[in-house]
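Visitor: Chain residues, written in single-letter form:
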Amino acid sequence: MASDLTIGAARPARKRSMGLGAGMLVQAWRTAEFKVGLVVFIGLMLISIFGPDLLGLSATRFDVAARFLPPMPLDGSRWPHLLGTDQLGRDLFVRSFIGLRNALVIGVTSVIGMFLVGSLVGMVAGYWSGWVSLVLMRLTDAQMSIPVIILAITILGVSRPTPASIILVLILAGWPAYARFARSATLSERRREYVKGAQILGAMDPRILFVHIAPNILPPIAFVAILDVARMMIFEAIFGFIGIGVQPPTPTFGTIIADGMKYLINAWWITTIPGLLLAISLCSINLMGGALERARNKRLQGVG
Amino acid sequence: MSTRKVVLEVKGLSVQLQREEGPAAQILSDVALTLAQDEVIGIIGESGSGKTVLSRALVNWVRAPLRVTSGSLLYRGRDLFRLPESEMQRLRGREIAYIGSDPGSALDPTLPVGNQIVEKLCAINPSLTKSEATAQALRVLDAVRIPSPKQRFHEFPFQFSGGMMQRAMIVDALVTNPAFLVADNITQPLDVTVAAQILRLLRELQRDFNTAIIFVSSALGVVNEIADSVLVLASGKVVEEQPVRSLVAAPEHDYTRQLIRDVPRIWSDGGASGPVSAEPAGERETVLSVRDVAKFYEVRDRRRLFGRRTVQAVRGVTFDAYKGENLGIVGESGCGKSTLSRLLSHLEAPDRGQILFKGQDIAHMSSKQILALRHRFQLLLQDPYNAIPPHLNIGRTIAEALLVHGGLRRKEIDERVRSTMAEVGLPAEIHDSLPVGLSAGQRQRVNIARAMVLDPELLILDETLSALDQVEQGKLLALFERLQVRRGITYVYITHDLSMVRRVCNRIAVMYLGRIVELATNEATFFNPSHPYTRALLSAVPVIEERPYKAETYLLEGEPPDPIDIPPGCTFRTRCPFAFDRCAAEDPILLRRGPADFAACHLGDEAAAREGRSLPRVFESTR
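Heads up: the protein sequence lines correspond to chains A and B, in order. Heads up, the final residue of the first sequence is numbered 306 in the numbering used here, and it's a clean run with no missing numbers. Heads up, the final residue of the second sequence is numbered 636 in the numbering used here, and it's a clean run with no missing numbers.
Take these hints with a grain of salt, some might be off.
To be verified - Derived DSS-like pairs (lysine-lysine); straight-line CA-CA distance at most 27 Å:
| # | chain 1 | residue 1 | chain 2 | residue 2 |
| --- | --- | --- | --- | --- |
| 1 | B | Lys250 | B | Lys488 |
| 2 | B | Lys143 | B | Lys133 |
| 3 | A | Lys198 | B | Lys488 |
| 4 | A | Lys198 | B | Lys381 |
What the hints assert, rightly or not - Partial selection, computed: residues in chain B whose CB lies under 8 Å from chain A:
| # | residue |
| --- | --- |
| 5 | Gln391 |
| 6 | Leu394 |
| 7 | Asn399 |
Simulated from the structure, these hints should not be mistaken for laboratory data. All values derive from a computational prediction rather than experimental measurement. Glycine included, C-beta positions come from ideal geometry on N, C-alpha and C.
Just need the whole structure built from these sequences, with the hints factored in.
Guide: Pasting the structure below:
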C-alpha cells in the first residue's frame with residue numbers, strides 16, 4: 003500500500019520530465035507481456051551468443067556414433083547433447099542456436115533496411131505530389147508485381163547466396179509495402195492543421211517532413227515492422243529449405259528443417275526443435291512490439 | 014401548468030466518472046427537472062458543466078466509465094433506468110429521440126440520406142411498405158424545407174451542407190413522431206443564418222408534432238430563441254430554473270448573473286462594449302494592403318469525363334489594415350474567408366491581385382525574404398486540437414518557431430520561450446509535457462505563444478476563438494488587447510462571430526461569395542448597415558436583447574449559391590428580400606456610403622433613391 007502511494011505521488015513529476023520515447027518505454031515496462039517478451043528474447047540472445055562456446059561443441063563435426071540422439075530427458079539421450087543430435091550426429095542445440103542467430107541478424111537487418119528505404123520513398127512521394135509521386139509510386143508498383151520467391155530464385159540462384167545478398171533480396175522484396183503505407187500516412191498527415199502551422203512559421207519542406215510528419219507516422223509503421231521481423235525470419239528459413247539460403251555447412255533453420263524432414267517419423271526433434279525456437283523467439287518479439295505500440299498510444303492519449 | 018401532461022420527470026440524477034485510479038469524479042449531482050408535453054426546456058452551462066452527459070443521461074445512454082449513481086428518470090411514469098435493455102431499445106428512436114452536435118458523423122457516409130430515413134422507419138414500424146415509408150420520408154423532408162426533396166432523397170451525406178445535414182438529422186429524429194427530443198448543441202457547427210433557420214424550423218415543428226424538446230446549448234442567445242424555460246447547469250448542479258424571459262431579466266443565482274453579464278451585447282449598452290482603441294481617424298501607417306485579390310480552384314467535373322470546373326473562392330477583395338487597429342472579416346462558411354486567410358498568410362499565392370505588407374509585394378519576394386517576413390506576420394489557426402503537433406512537448410512546440418528562423422542560441426531560445434509562455438498565461442510546469450491533457454483554451458494559448466515568440470506586427474486570426482467557450486474567449490480577447498497595447502500589433506479577425514467582432518474590431522468587412530459586400534466602421538456596421546446581407550446576418554445573431562433588425566424582414570431562406578455557378582448580376586439577389594430588376598442585370602461595386610463606409614448594393618445609390626427604393630431606416634441617425 004505504501005509503495006502504491008509513493009508511485010502515485012512520484013509519477014506526475016516523472017511524467018513531466020520525460021519525452022515521448024522514454025515515457026513509452028516506462029509505460030511498456032509496466033505491462034507483464036513486455037517483461038515476459040524481453041526476458042525470453044534476451045535469454046535466447048544470450049544462449050545463442052554464448053551457449054555454443056560454453057558447451058564446447060561444434061556445429062559441423064560429425065559423430066556417427068551419436069546419431070539420432072533424442073533431447074535430454076528422453077530415453078537414450080546423452081550429455082552434452084541437450085537437444086539431441088541430427089542424422090549425422092551433429093549437436094542440435096548448437097546448430098539451432100547458431101541458426102537462430104543467423105535468422106535474427108538477417109531478419110532484423112533486412113527489416114530495418116526495408117523500413118528505411120520504403121518509408122523514405124513513401125514519405126517523399128506522399129509529400130510532393132505530382133510527377134515525383136507518380137514516378138516513385140509506379141516504381142513501387144513495378145517492384146510489388148514481382149513475387150519474393152521468384153526474385154530470390156533469380157538473384158540467389160545465379161550468385162552464391164551469402165547473408166548479405168539474402169538481406170538485399172529481402173529488402174528489395176519488402177520495401178514497396180512500406181512505401182505504400184508511408185505514402186498514405188503522409189498524405190493524410192500533410193493535410194493536418196499542425197503542418198499548416200509549421201508552414202506559417204516558415205518551416206521549409208524537408209524540416210516539416212522530417213521534424214513534424216515523420217515522428218507521427220513512423221512509429222506505427224515501425225510497430226508493423228517488428229511483426230515483419232518474424233516474417234523475414236520465416237522467409238530466411240524458406241530460402242534455406244529450398245536450397246537458396248545461407249549455404250551449408252553454416253546451419254540455418256531452413257536447412258536443419260529441410261534435412262530433418264526425411265526423418266520426421268523416427269527423429270521428430272530434428273525439425274521440431276528449430277521450429278519451436280523460431281516460434282518462441284517470434285512470440286517474444288511480437289509481445290514486446292505490441293506492448294510498445296499500446297504504450298505509445300496510451301501516452302499520446304494521455305491515459306497512462 | 015398542472016393540467017399539462019408530464020412527459021419526463023428526472024429526480025435526483027447523479028452521474029460519476031469512474032477513473033482507473035483515484036476517486037470517482039462527480040459529473041452530475043442531484044439534477045431534477047420536469048418536462049411537460051409540448052414544452053421546450055433549455056439547458057445552458059459552460060463547457061465542462063456536464064451538459065452533454067446530462068443530455069445523454071436523459072435518453073439513458075450513459076456508458077462506462079460514466080455511471081449513474083442515483084436518481085430516477087421517469088418517462089410517463091416508468092423509470093427508464095430500471096427498464097430492461099430490450100425495452101429501452103424499443104423506446105429509443107420511437108418515442109425518445111436524440112440529435113447530436115455533429116451531423117457529419119451521425120449519418121452513414123455510404124448510404125443515400127433518404128435510404129437511411131426509410132430504413133429507420135421500416136425498423137420502427139415493420140408493417141410499413143417501402144413505398145409508404147419513402148412517401149412519409151419525403152413528406153418530412155419537405156416539412157423541414159429541404160429544397161427539391163425528391164432529388165435530395167437520393168443524395169449522399171457528403172453532398173449535403175452542414176445545415177442540410179442537420180435538417181436531415183432533425184427529420185431522422187422527428188420522423189417517428191417522438192414524445193420528446195433531446196437536442197444537444199445542434200446549432201453549434203452551423204452559420205448564424207443557417208442556425209437561425211434551424212431554430213425557426215424546430216420551433217415550427219415542435220408546434221406541429223407536439224414534441225417536448227430539451228434543448229442543450231452553451232449560448233444563452235440560442236436558448237433564448239427557442240426555450241420556454243431555462244435550466245442553468247454549473248459544475249453538474251442545477252443552480253437555477255426559470256422561464257426564459259424572467260431569467261434574462263432577473264437572474265437569481267450569482268452564477269447565472271455572471272453568465273448573463275458575460276453574454277456579449279451588440280446594441281444595448283451603447284458604445285461601451287465597443288473596442289477600446291477605436292480611433293481610426295487620421296492618416297495611419299498601412300500595414301497590410303490587399304488589392305483586388307482573387308483565387309480560383311480547378312475541380313473535376315464529375316458529370317463529364319475530362320470536364321473541369323472553376324470554383325471562384327475569392328473574387329476580387331480589396332482592403333487596407335492600419336497599424337494598431339483591429340479589422341474584422343465576417344461571413345458565413347463558404348464565403349471565401351478561409352481561402353483569404355491562406356492567401357494573406359502566403360500559404361498560397363493569389364491568382365490575381367496583390368498583397369502588400371508595408372508596401373512590399375509578397376508575390377515578388379525570394380523565399381529568404383518571405384522567411385524574414387514571417388517573423389512579423391503570423392496566422393493563428395482555428396482548430397486548437399490539430400494545430401499543435403501531438404508528439405512534441407509544449408516548450409519544444411513554441412521553440413520550433415525560433416528554431417525555424419534560426420540565429421539564436423539554445424539558452425536564448427529557452428528564455429524567450431519561457432517568458433512568452435508567462436506572457437500568454439501558460440503555467441511554467443507544462444513546459445515539458447505533451448499537449449494531450451490540455452484544454453482547448455490552453456492549446457490555443459500554446460498556439461498564440463508560438464506566434465508571439467516571433468514578435469509579429471500583424472496577426473491574422475482565422476476563427477481562432479470560435480472553438481472556445483464564452484469565458485475563455487473573453488480571457489483571450491483581453492490577452493490580445495494587452496499584447497496590442499504593449500507591442501502595437503495589428504489584428505485581422507477572420508470570423509463568423511458577430512458579437513465578438515462588435516466587441517473588438519474597429520472596422521468590419523462583410524464577405525459574401527468571395528467578395529466584400531460591405532466595409533464599414535463598427536458603429537456603421539451594427540447601427541446602419543447599408544447592405545441587406547449585413548442586416549440578414551444581424552437578424553440571425555443569437556442574442557438576449559431586443560434586436561433592431563427583425564427576422565421577419567431580413568432573415569434569408571436557403572443557402573448561398575454554389576461558388577461554381579455564380580449567378581450573373583448581384584450575387585446576393587437570389588436570397589435578397591429587396592432584390593429588384595436592376596440587381597439581375599448589374600453587378601454592384603463597393604461604393605462610398607459614409608466617411609469610412611463602403612457597400613456594394615444598388616439600394617442606397619442615387620438611381621435607386623429616385624425610384625423610391627431603399628433599405629428601411631432603423632436608427633434615425635448613425636450614432
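Visitor: Please go over all the hints and tell whether each is borne out by the structure.
Guide: Verification of the hints:
Restraint check for Lys250 (chain B) and Lys488 (chain B): satisfied, since their Cα atoms lie roughly 24 Å apart, inside the 27 Å limit. Only pairs whose Cα atoms come within 27 Å are accepted, and Lys143 (chain B) paired with Lys133 (chain B) is accepted, the gap being roughly 11 Å. For a cut-off of 27 Å, the pair hint linking Lys198 (chain A) to Lys488 (chain B) stands: about 26 Å separates their Cα positions. Between Lys198 (chain A) and Lys381 (chain B) the CA atoms are separated by roughly 19 Å; this keeps the pair inside 27 Å, and the hint holds.
Nearest Cβ of chain A to the Cβ of Gln391 (chain B): about 6 Å, under the 8 Å cut. The hint holds. A distance limit of 8 Å between C-beta atoms decides the matter here; for Leu394 (chain B) the minimum to chain A is near 5 Å, and the interface restraint holds. Interface hint at Asn399 (chain B): satisfied, since its Cβ lies 4 Å from the closest Cβ of chain A, which is below the 8 Å cut-off.
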